[in-house]
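Engineer: We have chain E already, so just place chain G on it with the hints.
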Amino acid sequence: MKTDDLIAMLGTNVEPVNRKYVLRAIGTAIAVGTLVAAAAILLAFGFRADLTTTRAFIFLFSKLAFTIVTVVLTAIMLTRLARPGGERKISIVWVALPFAAIMLLAAVNLAFAPSAHWERMIVGDQWLECLLSIPIIAIVPFALIIWAVRRMAPTDLRRTGALVGLIAGSVSATAYALHCADDSLPFVALWYGGTILLCTLAGTILGPRLLRW
Amino acid sequence: MLAPEAELKNLMLAGLDGDAAAHRSLLKYLSDYLRAYYRRQLGRVGRNATDAEDLVQEVLLAIHTRRHTYDPVEPLTPWVHAIARYKLIDHLRRTRTSLRDVPIDEAPDLIAQEDQDSTESTHDLGKLLGQLPEKTRRAIECVKLEGLSVAETASRCGLSESNVKVSVHRGLRALAAAIARERER
Chain E
42 MKTDDLIAML GTNVEPVNRK YVLRAIGTAI AVGTLVAAAA ILLAFGFRAD
92 LTTTRAFIFL FSKLAFTIVT VVLTAIMLTR LARPGGERKI SIVWVALPFA
142 AIMLLAAVNL AFAPSAHWER MIVGDQWLEC LLSIPIIAIV PFALIIWAVR
192 RMAPTDLRRT GALVGLIAGS VSATAYALHC ADDSLPFVAL WYGGTILLCT
242 LAGTILGPRL LRW
Chain G
41 MLAPEAELKN LMLAGLDGDA AAHRSLLKYL SDYLRAYYRR QLGRVGRNAT
91 DAEDLVQEVL LAIHTRRHTY DPVEPLTPWV HAIARYKLID HLRRTRTSLR
141 DVPIDEAPDL IAQEDQDSTE STHDLGKLLG QLPEKTRRAI ECVKLEGLSV
191 AETASRCGLS ESNVKVSVHR GLRALAAAIA RERER
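Respectively, the protein sequence lines represent chains E and G.
Each residue of the first sequence is one higher than the one before, counting from 42 in our numbering.
Each residue of the second sequence is one higher than the one before, counting from 41 in our numbering.
Hints should not be assumed to be uniformly reliable.
As the list claims (entries may be wrong) - Here are some chain E residues the structure puts well away from chain G; computed CB gaps all over 10 Å:
#: 1; residue: 81
#: 2; residue: 92
#: 3; residue: 103
#: 4; residue: 172
As the list claims (entries may be wrong) - Quick list of in silico lysine to any residue cross-link-like pairs, SDA-like style, CA-CA up to 25 Å:
#: 5; chain 1: E; residue 1: 61; chain 2: G; residue 2: 62
#: 6; chain 1: G; residue 1: 205; chain 2: E; residue 2: 58
#: 7; chain 1: G; residue 1: 68; chain 2: E; residue 2: 42
#: 8; chain 1: G; residue 1: 49; chain 2: E; residue 2: 60
#: 9; chain 1: E; residue 1: 130; chain 2: G; residue 2: 139
#: 10; chain 1: G; residue 1: 68; chain 2: G; residue 2: 94
None of these hints come from the bench; they were simulated from the model.
Quick caveat, the model's predicted, so the values are computed rather than measured.
Positions of the beta carbon are idealized from the N, C-alpha and C atoms, including for glycine.
Looking at chain G on its own, in the form it has when it is part of the complex:
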């Protein structure tokens, strides 16, 4: 068994090369760490831990759609931690918590504990997808939900393959933005 950092980094690098299984297990591991992290941090500032699952999902989407910003020569944990902490502070700012109460924490705090006891978030994927433009939504449904290949989706929707790839990419970014907006309400 590798130390978490080495193991997570290997999965990340494989995912960056297009290894779907590695990417899935990376996100699974990270979600357990993130859940424990957010429950702990929200508890410390006296906030309800039910927001934790919403934040976990928002960060997973951010990690996925912005994984090109990971520099492979650097360790992975500080990169994930910086995203997690950015989203925590953003969340507290949007919900008007005094930021002076946010404890300073470092990258190792992120992988200190795991929590597999997931709950359902308040995000409704169907509703979120409904906000997307038709073409983008179809591309996500085919490629990401039904698991069709890009080529199959292209011929089914009458689009070029690069158009499908761009639509999926844009759609996921729009989903991430919609989830971040939802938190403001």
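In isolation and in its complexed conformation, chain E is listed as follows:
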């Protein structure tokens, strides 16, 4: 094929392009993923039944604040990484910020608690449920976001995959927080943070295979 023939073909009947496409597609994928994950958690486990105390409200709010802030910051990073050369325009600081904050709060919390309470604060009641639910429920949002990013043009597939995994894990953790009755910051830091990290690792491995174009 001659390059001029290809150019003539591509330059015939050129459709206008929606300039908000990247933001809209990523936003939609994350929003739908969040709805699916929340529905899955509420159908499987139900909303937390013990929401009668102020303490429970504060913890529900704190968990949601942690996961939602993470989703928003990483989603902004993804709108850059999904574009060619975007790896030069992102900063790990914004991604690490919510995790650093929750770990700091957890450390302060432990420092002021008697050491006899530490095990209970860290392990909680439902650590296994948390460890399994967040990665499993992250699969649907992961697939939705990957599907959206496949229509874009990331040039650093490993990092883009990692970020998609991180967002999917955080979306899933947001949904899990609706059910989770383990009210302690060290629990959230370890089990939410840890499961989100697992999802990030899975994304790092899968990214180069799933996102190649």
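Structural biologist: Using the frame of chain E, we list chain G on its own:
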């Protein structure tokens, strides 16, 4: 005469709004830059420069089908360069060249030289189109090769206009994927 970046960006923005002539001249300019870029880069790693035209065409298709990923507030050259470099590294990886030999280059290297001496690529458009589903192929032939309007194509093929647009879009993406697969052999 504008500097290449400003001129290319103007053409890109007009193309994004549906200006076919601007889009065509953008692709023409870029193809000359890309040809020089790939001949130079492939030569540096000791590879045969005959692959250059295949890569030029693959990148033109990628630029066209993924132009919605260009952020209009950013300069254009780094965007094109990132695509060109991604495809270069992908090509070398698929053909098992040591990536340590790939020189680091920056966006200005892309528009450093022009090369209008195009050769024919190994891609066969007829064969590639033959791999597409019937409806998609017809839509591309009518809209992109014969230059019929979307409305004319819709009435000729008995499809809705949005269906024609989606088919053309999908078809071009499938062509880009087929060209990338061909390179692996």
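Engineer: Confirm or reject each hint.
Structural biologist: Hint-by-hint comparison with the structure:
1. With a least CB separation of 31 Å from chain G, residue 81 of chain E remains clear of the 10 Å interface cut-off, as annotated.
2. Residue-level check passed: residue 92 of chain E sits 43 Å from the nearest beta carbon of chain G, beyond 10 Å.
3. For residue 103 of chain E, the condition that its CB be more than 10 Å from all CB atoms of chain G holds, with the nearest at approximately 35 Å.
4. Against the 10 Å criterion, residue 172 of chain E stays outside the reach of chain G, whose nearest CB is about 36 Å from its own CB.
5. Only pairs whose Cα atoms come within 25 Å are accepted, and residue 61 of chain E paired with residue 62 of chain G is accepted, the gap being roughly 21 Å.
6. Proposed proximity of residue 205 of chain G and residue 58 of chain E is supported: the alpha carbons are some 12 Å apart, at most 25 Å.
7. Annotation: proposed proximity of residue 68 of chain G to residue 42 of chain E holds, straight-line Cα distance about 15 Å (limit 25 Å).
8. With a C-alpha separation of about 15 Å, the suggested pair residue 49 of chain G and residue 60 of chain E falls inside the 25 Å cut-off, and the hint holds.
9. The hinted pair formed by residue 130 of chain E and residue 139 of chain G meets the criterion: a straight-line CA distance of about 24 Å does not exceed 25 Å.
10. The suggested pairing of residue 68 of chain G with residue 94 of chain G holds, with an alpha-carbon distance near 15 Å, which does not exceed 25 Å.
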